[in-house]
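Chemist: The lines below spell out each chain.
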Amino acid sequence: MKCVIGGAQLRVFGRAIHAIARISDEFWFDPVEKGLALRSVNSSRSAYACVFFSSMFFQHYCWTAVSQPCQKEKQLSLPCKLIIKSVLPVFRCVNVLERNVEKCSISTSPSEHHITFQLLCRHGVVKTYNLTFQECDPLQAVFAKHMCPNILKVHYRLLADVMIHFPTSQEEITLSVTPMKVCFKSYTEEDTDFSRTMLTEIQLSPEEFDYFQVGVDSEVTFCLKELRGLLAFSEATSVPVSIHFDRCGKPIAFSIEDLLLEASFILATLCEAEKEAASPEPACCPRPWDSSKTGMDKSDQPSMDGASNAATAASKKPQQKGNTPNMDPAKPQSALAKQEVKNIPRGMERDVPGRAGAATAKAVGGEATEAPYAKVRELPMVPAVEPHSCCLAEHPHVLWGFQWDQLSQQHSWKTPALLGTLLGAGGFHWEMLLAEKDHKVVKASQIINTQILYHSFLPVQILHFPVPLLILWSCLLQGEGGHW
Amino acid sequence: MPFSAQPPASGERCALSASLDNARHLSSLLRAVHFQDYATCLATASGLRVTVEDAKCIQANAFIQAEIFQEFSVQEESVMFRISLSVLLDCLTIFGSSSLPGASTALRMCYRGYGYPLMLFLEEGGVVTVCKINTQEPEELLDFDFCSTKVVNKIILQSEGLREAFAELDMTSEVLQITMSPDKPYFRLSTFGNAGSAHLDYPRDSDLMEAFHCNQTQTNRYKISLLKPSTKALALSCKVSIRTDAQGFLSLQYMIRNEDGQICFVEYYCCPDEDITEAEL
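Chains as they are written, first to last, in the working numbering: chain A, 1 to 484; chain B, 1001 to 1281.
Check each hint, because a few of them may be wrong.
Take a look, some chain B residues computed to stay more than 10 Å from chain A by CB distance [unchecked claim]:
id, residue
1, Q1070
2, V1128
3, H1199
Here are the simulated lysine to aspartate or glutamate pairs, EDC-like style, with alpha carbons at most 20 Å apart [what the hints assert, rightly or not]:
id, chain 1, residue 1, chain 2, residue 2
4, B, K1223, B, E1259
5, A, K103, B, E1164
6, B, K1056, B, E1174
7, A, K145, A, D25
8, A, K185, A, E201
9, B, K1150, B, E1259
10, A, K103, B, D1201
11, A, K103, B, D1207
Interface residues of chain A toward chain B, partial, derived using beta-carbon atoms under 8 Å [what the hints assert, rightly or not]:
id, residue
12, S107
13, S111
14, H123
15, G124
16, V125
17, V126
18, K127
19, Y129
20, L131
21, T132
22, Q134
These are computed hints drawn from the structure, not numbers from a lab.
As the structure is a computational prediction, the values presented were derived from the model and not from experiment.
C-beta: ideal position from N, C-alpha, C; glycine also.
All chains, full assembly: derive it from the sequences and hints.
Modeler: This is the structure:
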């Protein structure tokens, strides 16, 4: 693959790299026939970015499918998908870049395992960078933007002007919308000392937006740091930013689209605590996911109260915690036997069994293998979890467990490698200890993010698991094979 | 404004005495060679030379000609002593290192001779500071024996072209490889770091190239950690001359124009690195 980026577009490309760099240190470099895609996901899987440059963006774009006959390569028809660290130095100073660099050519040679970036600069100086890459599995997030009830479209300048009011130390902000107004405010955890914090709130009326559609009143909280990268990038492209989102807990997508490129940043959102009384137990005891209610569109919240309290009390930052997940594709999952949950906390009794839920889940499970993209964003119904029972699979490969109380109860269970990683990366609001099938323990960390979406092919028994949102996490990545 | 000196005790003459209206002329040059704590100062009638060495592989010299000083006198043929450069710089910048227009520190320097401390009198805005810095036995300095007859390749470049390159050198690379050649790539700086290799090519007909005299293709490697401090000198300079001799010794000479437009020189000498094996590109 070889492409040449001309002067004016270099700034855009450099900004894209910088924006992606805010998500993670590594990114996927994925040249395809139609163009070049750059993707990144952060270590806690709470933010995903994809920038796709169509071949017209480049002065010159040439891609040939290379078949890899040698035995190491699994991919046959596509050039390798890559992770590159340290590309950033190449595009280090974006402002200087456009002044000094006339054009940049990027070429890959699969046989040599490096990508060459060559910058033709002022005064005839030529900078050549030969960067090594790693083969890896494809990365793709699935998010159905068209199914989001709330869509806002706004010029980047407005968003930038809004964000500038938030201090750079502000980690998360909350966007709340009603059909009458849009409000951005800083998010604080409940244990914050309010006497020392500054809270910022900015209200906008619908007229300020190029496009305003609010189907569902919602309040979503997401990480601001990642968004700032996108804003800087959109400034280079001068394309309006579209925001697609739903209720809290569902991901929010910021995207830019024009003839030459498409960029989307998908961020996880925090599930807010509702007005319902918090569980009297220590915050780390979550209530199990209320199966019957989740089938309906309304209240995810009540069942998540304990959880979100725990989340807020735990006060974790998504990016800092979390194991770096390994990228092994998940192995196909054998059907699980009935699962049980151990050590259910006191809050469990409130659960209402949902027969209908079970049926749906089964049906959903059935569909799974055929159409992984089918049911996006509908939370599956699960049968009730019996108090004081354990979620256990009889199958030796898969045992589930979780630690209700971060501090005391620890159970080690076996999970498939990928799931273990994902769950490890995305413990909802309590810490989890999971073990791989060879008895390695993978300790999960806490993050405050919730589901992005889910795949419908999960067997029912898994859905028994009172932390289904973690399962939903797994769907952010389609590993090779894509199912487990 | 010039500070009228306090002469030393009656009858005694200083082996070295100098005064300078703007101590920054001296301190900025010394900073360009400040990569070790200790430096050797050599004062002769033509001026002051401050030398810093490391690992017996690299030597940096800062030359401040007598003409830069308002007053400069050396009683003996030459005066040499070793002194803590860090302390000297701290004293010279005792009134702060920010360069406000109009406010400058006046300096008077006095060294009575072997065994005596170096006295500095610094004045700014009516406030006077007196510093006494102990001197030490000078150590033997390396002699790179670099004279113009032995030079194989020589390039003079405008510093602005190199500044960014040196500032962005991949420090995960152990070496900086310098290729100078009458043919392509003419002048190339290469690093081999964790992420891969990087090459910076300067063509001989580039605007930045003031002089290009390469007779032979030479590729030499130098430990990057030793050369990195030269970035400071590069940042101050307007031109740099890069020379190598038959053994691969490198000489970098930086022409620095100070605030008053006077020219001073800083040079770096470096031995080539023999130990590193050929890295793959």
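Chemist: Now tell me, hint by hint, if it's right for this structure.
Modeler: Hints and how they fare:
1. Q1070: holds, 39 Å
2. V1128: At roughly 43 Å from the nearest Cβ of chain A, V1128 (chain B) sits farther out than 10 Å, so the non-interface label holds.
3. H1199: violated, 4 Å
4. B:K1223 with B:E1259: The given pair, whose Cα atoms are some 33 Å apart, is violated under the 20 Å limit.
5. A:K103 with B:E1164: Judged against 20 Å, a Cα distance of about 18 Å means the pair holds.
6. B:K1056 with B:E1174: holds, 18 Å
7. A:K145 with A:D25: violated, 26 Å
8. A:K185 with A:E201: Answer holds: K185 (chain A) to E201 (chain A) is near 4 Å, not above 20 Å.
9. B:K1150 with B:E1259: Not OK: K1150 (chain B) and E1259 (chain B) at ~34 Å, beyond 20 Å, violated.
10. A:K103 with B:D1201: holds, 15 Å
11. A:K103 with B:D1207: holds, 18 Å
12. S107: violated, 13 Å
13. S111: violated, 14 Å
14. H123: holds, 5 Å
15. G124: holds, 4 Å
16. V125: Constraint on V125 (chain A) satisfied, holds at 6 Å.
17. V126: holds, 4 Å
18. K127: holds, 5 Å
19. Y129: Where the cut-off is 8 Å and the nearest Cβ of chain B is about 5 Å from Y129 (chain A), the hint holds.
20. L131: With a closest approach of 4 Å, the L131 (chain A) hint holds.
21. T132: holds, 5 Å
22. Q134: violated, 11 Å
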